[in-house]
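Participant: Keeping the supplied structure of chain A fixed, place chain B upon it in accordance with the hints.
Number of protein chains: 2
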Amino acid sequence: MQDITDVAKRLVQHNKGKITEVYFVACGGSLVDMYVSDYFIRSESTTITSGWYTANEFVHATPKRLGKNSVVIACSHGGNTPETVEAARIAKAAGAQTVGLTYNDKADLLAVSDYSFLYEWGDETRVHNNPMAIMLELTVGMVNELEGYDHYNTFMEGMKLIDTIVASAEKQVEPRAKAFADAYKDEEMFYVMASGASYGHAYGFSICSLMEMQWLDATAVHTGEFFHGPLEITDENTPFILAMGLGRTRELDERVLKFLKRYAKKIEVVDAKELGLDMIDDSVSEYFNPVLFYSVLSKYRYALSKVHNHDLDVRRYMGKVEY
Amino acid sequence: MQDITDVAKRLVQHNKGKITEVYFVACGGSLVDMYVSDYFIRSESTTITSGWYTANEFVHATPKRLGKNSVVIACSHGGNTPETVEAARIAKAAGAQTVGLTYNDKADLLAVSDYSFLYEWGDETRVHNNPMAIMLELTVGMVNELEGYDHYNTFMEGMKLIDTIVASAEKQVEPRAKAFADAYKDEEMFYVMASGASYGHAYGFSICSLMEMQWLDATAVHTGEFFHGPLEITDENTPFILAMGLGRTRELDERVLKFLKRYAKKIEVVDAKELGLDMIDDSVSEYFNPVLFYSVLSKYRYALSKVHNHDLDVRRYMGKVEY
Numbered sequence: 001m002q003d004i005t006d007v008a009k010r011l012v013q014h015n016k017g018k019i020t021e022v023y024f025v026a027c028g029g030s031l032v033d034m035y036v037s038d039y040f041i042r043s044e045s046t047t048i049t050s051g052w053y054t055a056n057e058f059v060h061a062t063p064k065r066l067g068k069n070s071v072v073i074a075c076s077h078g079g080n081t082p083e084t085v086e087a088a089r090i091a092k093a094a095g096a097q098t099v100g101l102t103y104n105d106k107a108d109l110l111a112v113s114d115y116s117f118l119y120e121w122g123d124e125t126r127v128h129n130n131p132m133a134i135m136l137e138l139t140v141g142m143v144n145e146l147e148g149y150d151h152y153n154t155f156m157e158g159m160k161l162i163d164t165i166v167a168s169a170e171k172q173v174e175p176r177a178k179a180f181a182d183a184y185k186d187e188e189m190f191y192v193m194a195s196g197a198s199y200g201h202a203y204g205f206s207i208c209s210l211m212e213m214q215w216l217d218a219t220a221v222h223t224g225e226f227f228h229g230p231l232e233i234t235d236e237n238t239p240f241i242l243a244m245g246l247g248r249t250r251e252l253d254e255r256v257l258k259f260l261k262r263y264a265k266k267i268e269v270v271d272a273k274e275l276g277l278d279m280i281d282d283s284v285s286e287y288f289n290p291v292l293f294y295s296v297l298s299k300y301r302y303a304l305s306k307v308h309n310h311d312l313d314v315r316r317y318m319g320k321v322e323y
Numbered sequence: 001m002q003d004i005t006d007v008a009k010r011l012v013q014h015n016k017g018k019i020t021e022v023y024f025v026a027c028g029g030s031l032v033d034m035y036v037s038d039y040f041i042r043s044e045s046t047t048i049t050s051g052w053y054t055a056n057e058f059v060h061a062t063p064k065r066l067g068k069n070s071v072v073i074a075c076s077h078g079g080n081t082p083e084t085v086e087a088a089r090i091a092k093a094a095g096a097q098t099v100g101l102t103y104n105d106k107a108d109l110l111a112v113s114d115y116s117f118l119y120e121w122g123d124e125t126r127v128h129n130n131p132m133a134i135m136l137e138l139t140v141g142m143v144n145e146l147e148g149y150d151h152y153n154t155f156m157e158g159m160k161l162i163d164t165i166v167a168s169a170e171k172q173v174e175p176r177a178k179a180f181a182d183a184y185k186d187e188e189m190f191y192v193m194a195s196g197a198s199y200g201h202a203y204g205f206s207i208c209s210l211m212e213m214q215w216l217d218a219t220a221v222h223t224g225e226f227f228h229g230p231l232e233i234t235d236e237n238t239p240f241i242l243a244m245g246l247g248r249t250r251e252l253d254e255r256v257l258k259f260l261k262r263y264a265k266k267i268e269v270v271d272a273k274e275l276g277l278d279m280i281d282d283s284v285s286e287y288f289n290p291v292l293f294y295s296v297l298s299k300y301r302y303a304l305s306k307v308h309n310h311d312l313d314v315r316r317y318m319g320k321v322e323y
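Sequence order for the protein chains is A and B.
Going letter by letter, the first sequence gives residues 1 to 323 in this note's numbering.
Going letter by letter, the second sequence gives residues 1 to 323 in this note's numbering.
Chain A extracted, bound-state conformation:
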């Protein structure tokens, strides 16, 4: 795989540091993996902005800003998702620099990517090589090259620690995930909540793990939004999964937890702090929340698949019928 820091430097140097925006373009689970990088730029950068697009919207309603000062990062696990490949093609034609991530070394996406990362898959304990972490490191690297990022070294220290933290958290959470699956095996609808950099994984657990892989109903609710509508569905029968992150928006998550403890009964808390993410410095830990949550929540979906006797890779439409 290409050196991430090197690609970040080359992207910035290519047009003499004139990058004005980064677009993150993908579908479903790959789009979820980009959320934290988009969030990082929106939150930390003073020189560039960012857009997070489901690929077909980017293709049909291409932002007018797209051009030679844009970087477009496209990710597709199989590498042939038609709308993602088309989005990267449009980006390249508009003069943007393109970065493609895929697991497939024969992917169509590679043909329209100026830079590409063939990521590893399967060995879940090496999370620093998964597409989410690669994109995050690339994004942080670009921002650091462009304008300097005060916590860059601390962030890179975090990248060295994250594999160990995740491996330990996965072990820690396994019995709890099993207990959760046993207790919640007959539930058909889940509210999945998070905030900040983690919100993408509330969405991802909802659409991928629950809807796609278990054919269960679900919805993602931002903990900041909960009190402005969704709270009214709270009762003792509604199941909530709350991914409590470290960092600046943790207070939002805590407020929801306090409310749920009073008015709900079915509450599953996945707490980054309890799971050891606080080994990473406070100044950057929030950007690692989603890396941890993805792996830990994968234990939950696996446990659900076992009690449901519904394998995670069973589909009734995807890859089975035309649409």
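These aren't lab readings, by the way, just hints derived from the structure by calculation.
Be careful, since some hints might not be right.
As the list claims (entries may be wrong) - Estimated spans, in silico, between C-beta atoms of each pair:
id : chain 1 : residue 1 : chain 2 : residue 2 : range
1  : B       : R176      : A       : G319      : 32 to 38 Å
2  : B       : L118      : A       : D186      : 48 to 54 Å
3  : B       : D271      : A       : Y323      : 17 to 23 Å
4  : A       : D271      : B       : Y323      : 18 to 24 Å
5  : A       : D311      : B       : N309      : 42 to 48 Å
6  : A       : M318      : B       : H308      : 33 to 39 Å
7  : A       : S168      : B       : D235      : 36 to 42 Å
8  : B       : K185      : A       : T5        : 55 to 61 Å
Stated by the list, open to error - Among chain A residues calculated to face chain B with C-beta under 10 Å, some are:
id : residue
9  : S30
10 : G95
11 : W121
12 : M189
13 : C208
14 : R255
15 : R315
Glycine included, C-beta positions come from ideal geometry on N, C-alpha and C.
Facilitator: Quick look at chain B alone, frame taken from chain A:
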């Protein structure tokens, strides 16, 4: 009420046209109303960017870019939502220009707003005076002032037509909304779908109309994302509400409809084209989709409230308990 075009001009002139970004900051239904304005900037502007924030996230994880070149638009119906008022206060303290929208002329929000719009409420047929339309017109006006917007006059023509279109569409949809409510009165979970500028209202109908006002489960799915996860929950028993807009992303909605017609049975289509939005020119009609959908979907929620004998303003937590 202040003249919208005039405020747009003054915002731009204030710092000599150096606006770099607009932040839209609110909670729940007010945040929903901002989605189209954020979408407009992200899609059409080449000089400024945009951010769409639930207020408490903006307060806790304030973007570093926030400063004297930012415009922050904050909206709160009652005008005292603490996190929205705090967000506007933070924005003002950072040197940003602030615009507040509220229905309440004694609102705390007014004290931290450089410009304010006291909007009307109740007369649903004058939609061009609702907060969504005010913010959209202000946003389009700012972009036009800053860099010129090719379709500005066409857009303003649309603003003159929208009240008539909405009033006619509301009548047209009323019997259908009643039939929908009768047919779906026992359903407890809805999938609400849209794309482009309309996606905000898929989210809004889900969190406000269904969760908050009817205590029903719901989820918003972008039609571009549907095929990358959510489609797997499709069956003959799952109810779908599809808001099909006019404009560039209509093709995404049509693709979902085609799929649903084949594999689902409970499908309610709200089609902007059929409801007369095509009276507005193609070049700008997509930005009016959400204005139409808000009013039309309000007929649906009203019809649901009648068959459920559950008034739209009944709450069990909001305004009832501390949290």
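Participant: Determine for every hint whether it applies to the structure shown.
Facilitator: Comparing the hints with the structure gives:
no.	hint	verdict
1	B:R176 / A:G319: 32 to 38 Å	holds, 36 Å
2	B:L118 / A:D186: 48 to 54 Å	holds, 50 Å
3	B:D271 / A:Y323: 17 to 23 Å	holds, 20 Å
4	A:D271 / B:Y323: 18 to 24 Å	holds, 20 Å
5	A:D311 / B:N309: 42 to 48 Å	holds, 43 Å
6	A:M318 / B:H308: 33 to 39 Å	holds, 35 Å
7	A:S168 / B:D235: 36 to 42 Å	holds, 40 Å
8	B:K185 / A:T5: 55 to 61 Å	holds, 59 Å
9	S30	holds, 8 Å
10	G95	violated, 14 Å
11	W121	violated, 17 Å
12	M189	holds, 5 Å
13	C208	holds, 5 Å
14	R255	holds, 7 Å
15	R315	holds, 6 Å
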